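There are 2 protein chains.
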Amino acid sequence: MAADLLVRSVRPLGGDLADLHIRHGRITAEPPPPGIPVLDGGGRIALPGLVEAHTHLDKSLLGLPWHRNAVGPRLLDKIENERRVRQALPIDPRRQSELQARLSVGHGSTFIRSHVDVDTECGTAGIEGVMATREALADLVDIDLVAFPQSGLLVRPGTLALLEQALRLGAETVGGLDPCAIDRDPKGHLDAVFGLAERFGRGVDIHLHEPGEMGAFSMELIIERTRALGMAGRVVVSHAFCLGMPDAAVVDPLVAALAEAGIAVMTTGPASRPAPPVKRLMEAGVVVCAGSDGIRDTWGPYGNADMLERAMLVGLRNNLRRDDELALALDVVTTGGARALGIRDYGRAPGCAGDLVLVAAETAAEAVAQRPGGRTVVKRGRVVARDGALTVT
Amino acid sequence: MAADLLVRSVRPLGGDLADLHIRHGRITAEPPPPGIPVLDGGGRIALPGLVEAHTHLDKSLLGLPWHRNAVGPRLLDKIENERRVRQALPIDPRRQSELQARLSVGHGSTFIRSHVDVDTECGTAGIEGVMATREALADLVDIDLVAFPQSGLLVRPGTLALLEQALRLGAETVGGLDPCAIDRDPKGHLDAVFGLAERFGRGVDIHLHEPGEMGAFSMELIIERTRALGMAGRVVVSHAFCLGMPDAAVVDPLVAALAEAGIAVMTTGPASRPAPPVKRLMEAGVVVCAGSDGIRDTWGPYGNADMLERAMLVGLRNNLRRDDELALALDVVTTGGARALGIRDYGRAPGCAGDLVLVAAETAAEAVAQRPGGRTVVKRGRVVARDGALTVT
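Chains A and H are the protein sequences, given in the same order.
As numbered in our numbering, residues 1 to 393 make up the first sequence, in order.
As numbered in our numbering, residues 1001 to 1393 make up the second sequence, in order.
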């Protein structure tokens, strides 16, 4: 639903007071007609809608009784534990994705990319559940689905056909996961992932937890395929812990190659892991976006879907303290997210989607560092949350 | 002011429903008399008052116009920049410390240790300001002052005499700072710090940012002096980044020696620095506490004085995900803080101070991971904050 709205007395990105006119759901430079609905911003900062670039809507445990976590330390422990818990509880992707998406909207996210598990146990049930939520919440938030082989692709025969089925059902993006460490066949895994992407004309978003030189090797293979297929701007490497390794002789060429190949990097600002150096990547011209990853799920109890808090965590992880550095953290959850995910009509220019979040902060830096609550959120000219509470049930 | 209070229907540490009886400000096992004031906990979790074990009350910029941060990257840049800004603004320690302490109380802290700058420019003005706040807020929160040579001790002649004056005025604890990296004379610095502590019969709390082997060396010198003076239980090493170095051949003996010497470690859970391994320290018997460090000051824009959020950040930094691991993070901001700071009457046993924070969470793990707001805080039997708002002006 595209609406008309005059947003009065806001400070775009913390700048001077301005009015923003949204017509048929899009920013326009034309003068507002008399009688247009008005939202009084009261001097709050207006940011473009926040971009949640990496989460897992299908498997949050929000709204369920507290899940006592006793999972083992390895990645594989968490993957296997999750499959067990998913069946035992059970977790309903339709219900859980709507709960989490609503939480996101209340914090100001107007676009969500969700990886959704596809495997030989659940098939495409997760995809179908999140797609139903996408339809139900179409007026509140845009949701982009990544068909994600969480339990492995080639190591679980049958998964590739299910990924293809997920794309046919309506998932936008082809997912991948640790080509060496989990799938044990980096060439095979990436040929399969990029092969699907090529056949369906879709983007790619790969979970790359692999550390150090192993991760760097997988990243090289991703870069090679991105170049070969001319997929600049359509590939995201999520997590990319290997970029946090200290060896500049390995990292420097990777950073340059990512920039040249037009590959974006997604980070959660992980405090306990080597992490992509956000400032350095951005200075080199790499697009960086951020995500909550799992929110209160079987992997861990953290997360609240607030992308300003995520910007803060990215800032803390990257030691961003100066106002000019906090602007980078803010970019990661706004413009960087839009560029990484290929959202074309993003921003303040005429014609862009009328997606805004109003934040009671003095400066954009304060919005990141202090993440004030009580936000008002506008989606395509419609007020979907007012002072922190969703206006749509 | 010590009050009587019956706290009904709370779940201590997330356990079974119970009533807690506070008499003359202290927990008692005796049955409550008729007519005693009642606080209905409504099934919320009751935690002992949170312990803010390391902050800088004298120099927050809370309540002031946003400070545009453009500080340089080195520790020394931040120290020098702060002295400049302090005079230029100016920052009033009395006013700022009260603002921050009230913020702390609203989040459930009932005890605060504040390092307070002492140097040849400001003298003991910071100490006097924070002491005035301590007196003004005596019914809300206990405040412990560390006389802190932020600008160096031996490198700034005259500072040692000012530290001594600060102790005479009423600061409890002797502070220190990077004996090698800042003061350029580790033996001289630590002899001076521990000498003061010995003469005045006080504890020691040393900022040790020094990384790697340099920090390990300074830590050895601290351990030697703690042993020689029989100061087990009275020394805290704050930050202790060197314990985050990867070389087990250096770290393992240090951890064992800290445990044996009875030295506590304070961490903020710093995401961008090597950090003390909290779980490993606690398993080795080292007491670990946590602090906000500076809150919205010239060093950086972060921080909100919420020690449950700090526990979350410590959890994220240390990859604590399981419920039994989150219990460690909670311990760090409660019992660990009390042990590190020598608070004897802390906890639920009869005779302990009636200091509580009620949190609307299902489990103690949720209280850490999700840090619910709207807390009710009790100090010595008196309700000082109700549902997130201070009841005392």
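Honestly, the hints are just simulated from the structure, not real lab data.
If you're wondering where the values come from, they're calculated on a predicted model, not measured in any experiment.
Warning: the hint list may mix true and false statements.
Derived DSS-like pairs (lysine-lysine); straight-line CA-CA distance at most 27 Å [as the list claims (entries may be wrong)]:
id, chain 1, residue 1, chain 2, residue 2
1, H, Lys1279, A, Lys78
2, A, Lys187, A, Lys78
3, H, Lys1078, H, Lys1187
4, A, Lys279, H, Lys1187
Hint check:
no.	hint	verdict
1	H/Lys1279 / A/Lys78	20 Å, holds
2	A/Lys187 / A/Lys78	25 Å, holds
3	H/Lys1078 / H/Lys1187	25 Å, holds
4	A/Lys279 / H/Lys1187	39 Å, violated
Violated hint for the displayed structure: number 4, the only one.
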